[in-house]
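Engineer: Since the structure of chain X is provided, determine the placement of chains G and Z on it from the hints.
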Amino acid sequence: MSTINSIRPGQSTEPASIPPDSAKVDKLLNRPPGDRRRSRSVRTYFSVSLLHLVLGAISLVMVLPFVWMLLTSLKPLSEVASTDWIPSSVDTVQTTGVPVPRNYVDVFDYNNPDINHRGIQFARFYWNSIFVAAWATFLQVLTSAMAAFSFARLKWPGRDRVFLLYLSTMMLPGLVMMIPNFQIMISLGLVDTFTGLIVPAAFSAFGTFLMRQFMLSIPQSLDEAAEIDGAGKWRLFWEIILPLSRPGLITLTIFTFMGNYNSFFWPLVMLRSEAKYTLPIGLLFFDSSQGQATHLLMAAVTMSVVPMIVLFVLLQKYLVKGIQLGAVKG
Amino acid sequence: MRTRGTRTVRNVGAGVAFLMPNLLGFLVFTLVPLVFSMVLAFSNWDLKLHNQYKDKHIQFIGLDNFIQLINEPNFWKYLGNTFYLMMLLPFGIAASLIAAILLSKDLRGGSRRMWVSLLLTAIMVGSLLLLLATGQGRSGMVILMASLVASIFIGGAIGGQTIYRTLFYIPNFTAGVATMLLWKHLFNQQSGPINSVLRGPLLGLTDVVRQSPSTLVQAGLWVAAGLIALGAWFGFRRLRRAWADGDCGSSAAVFCGLFLILPAILAVPWSPLPRVGWTVLAVTIGVAIWQLIVAFRGREFYGRPWDGVGSALMTATSLMSVQLVMLGLGIVCYYLPAMAAVPDGLTPPNWLTDYDWAKPAMMLMGFWGAIGSNNMLLYLAALTNVPAELYEAADIDGASRMGKFWNITWPQLAPTTFFIVVMGVISGLQGGFEQARVMTKGGPAGSTTTLSYMIYSQGFEIGRLGYASAVSWMLFAMVLVITLFNWKFGNKYVND
Amino acid sequence: MKYLFIACLVVLTGASVLTALWLPESRSSLPVLYWVTDPNPARQDQINIFKQWLKKNGYPDMELRVDSANNDQSKKIIQGVSGVAGDIWDLYSNGETQYYYEIGLLRDVTEPALRMGFDPSHTWKAGEPELMATTHDGQLRQFAFPCNATVGLFLVNRQTFRDHQQPLPPKEWKVDEFERLGREYVRAANKGLPSRRYFYADGVNLLTWMRSCGVGEYNETLTRCTMDDPRFARLLERWKNWMEVDHIIPSNADLAAMTASGGYGGTSPQKFNSGEYAMIHAGRYLLIQMRQFDADRKKKGLPLLDMTTAGLPYDEFANVTFVTRSAAVYVGSKHPELAYYFLSYLASEDYNMQIVRDADSLPPNPAYTRTEAYLHPPDHPNEWDVHGAFAKAAETIAIGNSYSPFVLRQIYNRELDEATQEFLTDRISADQAVRQLASRLNQAIDRTLVENPELKPLYDKLVKDQQTIDSLRARGEKVPLSLIRDPFHRAYYQYKGWAQ
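Residue numbers (numbering that gives the first Met the number 0), protein chains in the order written: chain X, 0 to 329; chain G, 0 to 495; chain Z, 0 to 499.
Simulated from the structure, these hints should not be mistaken for laboratory data.
Watch out, some of these pointers could steer you wrong.
For lysine-lysine, the following DSS-like pairs were computed, each having C-alpha atoms within a straight-line distance of at most 25 Å [stated by the list, open to error]:
hint	chain 1	residue 1	chain 2	residue 2
1	Z	74	G	53
2	Z	124	Z	190
3	G	53	X	316
4	G	53	Z	333
No experiment lies behind these values; they were computed from the predicted model shown.
Looking at chain X on its own, in the form it has when it is part of the complex:
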């Protein structure tokens, strides 16, 4: 940490002790040009290969649990405990002419008490999860973008103070508000409704923060140009700022969708009717003490994880671009 000094504003970035014409540079310059290029390319080759090796090894660790999950989801129950990951044979069922692994059909078949003794309505949970997450994401992205626009592109007295208030609530443990929020839901009569899941998720300080930081990075001159063209704030927002904030919007969309799709505590507390259950709550049924259907559980887990992976692979290139943490203080 001692050397952090060196990049502080107003100080030299070059430590004084090392002369600019170091021995290393000398050595490089003394070599014949062709020789240098080859040795450098060989060195690059090996260092890049090593990098691949390291990254590949870590990737393997990341992927292995999922590989096990996928393979187990294809096994019959009797083989689940086996140390061999590979199912001896995959039982399939013809569904509209396509062979589908039996477990993946059985998960949806809630009329078959032999396999799915409790009548788990998996298709419903699946739909509910996506439905709730989609609504919450839509609303949150919209409200956050609007609020961020107000914080980043409009000037009004007290703006920064209000923003600081927003920011500081990000530091509140969500649990503090859980019990009062539940009481509010009771008094609004929203317990056991989808609305009760969606509405509290439609506002977020984090989303506002993320979008504001992104919008700050858009040149201010655009606003003035738009104003000269006679565009109002409304048009400025929809036609200039929002399209330019696309990476930020996509990042927020991913984060919000992910958060709501995986949300556990709130639906657990709020939902009563099984028909309204979301996946995280519904999955617990497969893990009940009576009858562990591990093979079905893994099929269900695989299917609940897949939409996230697809979403991620499609949108991942925007993710890094969308994060403009900037100066936290703004």
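Structural biologist: Quick look at chains G and Z alone, frame taken from chain X:
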């Protein structure tokens, strides 16, 4: 800056209008509950007293809830569990930083030729692996692994960072009940793949331990003691240099130094051989005194007493976590011969059902997700913002890789690290509910019950709403102290 | 961008309409009642019989639906106080009756029970603690009626004993004999095996055993925890030895190492079926699972399970613990009068005989355990030695749970679990464990009184009763039973001849 009055007015109107939807939600679902819960924390609201069907008076009872809380042994136990699980934080952040650095490197070697040769190598290695596996008639498992490795390499060579980034991020992306249920089965003592992988090596280790003289194995304790002392020396030296450079105030340095002595102090009661504990303590204190003596030679820059305590604390606590792990490993070494002597030999742990292993199991799962977490994304984004000129200048100076990291990358990433630490502490303090609920129900014997689970069970199972609110405000107070602390001392780079 | 958002809105609105249409039609021409219970296929059967029973008796028709997703305690509380819970709740022997009464979530059914024939006289005597809650003025009021009742005995697989040439366990035995026979059995059965595989039993019931030593969880008036008794500490040590040294019963590690595949009741029945457990601690309900095994065995041409029972080993006072699954009416139910019909149905012959046929533990009304259909089910001759024993134990030596109105059962469960687990993992000694348990429960009692001062008069009265009892006992005089609240002490005093 606009000066004409009408525009400002229009801006106020528009500003409020755009803010309104979010602000309303903010008021209803954040501010009101916040005040409400504050009030609750000082009341005796218990569902047994008051609810829709019961209307006895709720009273304000002042600080009673908090006094009760402090006197409750379980609260301290659960707080301890929470902190224990938070020890993952430095490791997780370090891992995500390393991952981000690796993932921001150029993987194609700069030229098309290089890329082609890399791809060819990957294909060659991959097919060689596959050929070896199939040719030797290995089991399906081996072939599966070989093809997995091969496809990762080839994919990596073709797709470059995109592939690796995706693979790294997937655990975090899918985090939630589904992955927890997956890990619950991975951890299964008998049928879980983790233990079936561990079983073989452990049996091998059993043989090794049985055949080698027990004193040799037990010497591991001494090695660990040495590493603890070494860690302390490294830490003290870093603190001293930071102090000398004016990056770290005197009080901050001393305060953080105490963390580095802590493992040595703990080694005294924990170590099975008292003399090891005392030795390591003596050496550590000796090192500390030595560094103090060196420090008396004076310093180049001066700062206020508590300057830079944030970053110093981060270094110190991270080192402390490593030292504690060393201590644990050393103690394990000491008991290893006795453990291997039982008829079954060394057996893999009962991860989630064993009092001592349940928390490490959860941390293992957390670490898996932490490598490619959002933190990694934040670091990736921040790394692209580090000005390339800084590295070029350092290259001319002939700075080493480590030097470049410590002198350029790390300070440039300081604001991001600060943000990550703050958010990590917040989520760490209120974390653990989902794992506990899905994987262990807070057990065995409360060993995985964290404060958030305590809030849930006090509020929603026992019905003490006021008391549960008091717990959550206690939590909030801790978050606030840590954050303010960070804000005041840790973010001087953020302010600059 | 604007159009993108509008398109999203349109799609989402469409999805909302679809979702609303897809939600199951909850409207019905009949009043709908929800029954919060466990996901058991037999519930549908019971509902069908209920409908027929309503029709047969000319009672008003209604629609009863199973709600199996909300059958855990915290969900009942959350939904109960929000006013959205199901109409009829299954309560388990976990102090739920008293606790929900305290929160005010249950409807007092004392009057309707007398009117409609489901008062406590229609069920087992030992079931009282499950049906009744103590009000703050010390009265007992009825809030529930059993759906079924359970006492635990050892279910014995005779074939396993023949295989290992070991003597069958006696119908009644003391702890020493259990230990001696168990050691011999385990030694003989695991001879020559590389690791332990055969256990004498899957576990023992600590509460029953503790009570058999004359130690109760609370004192006679339920005002103090009395588990800090050296007899309980010795018992814990012995229990641990059975797991760690003798391996008569599996330890936690052994249990975790067993692969759990599907099935009702967890691993135990399967290990019993396969002979790895010679006996399992079971209620009659496990016969449901045994019948499935038997069906499998028939298919494979194997002999049926050869079953009998053995009593639980005891120290000086033979007893079994009596538990129930009971139904209660939610205070927020819109149709309480209709819900009473359901409770009344639970006392009817139609329902009782369904339980008898299904072997879903003991029927609520003991009278039906004296029928031939109960004792000798024609399809299951291998069970003929079993049914009678459960009914007899429930009628003669069963004791209900002790629920103190001053200790939440959740706290009791948590502290008991922590104390025993900490003891089993060598963190604390047995003596420390029992002291920790008792002191924490006594703290919980004190705290309840501070939090809920209304309970204070009841507590003071009971403490006075306790002093009376203590002084009578000190003088060697007999104690009037009416002073004793704790079900264990009632039984124990009668057994010892200390009661008037």
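Engineer: Now look at each hint and say whether the structure bears it out.
Structural biologist: A quick look at each hint next to the structure:
| no. | hint | result |
| --- | --- | --- |
| 1 | Z:74 with G:53 | holds (18 Å) |
| 2 | Z:124 with Z:190 | violated (46 Å) |
| 3 | G:53 with X:316 | violated (56 Å) |
| 4 | G:53 with Z:333 | holds (18 Å) |
In this structure, the hints that do not hold are numbers 2 and 3, in rising order.
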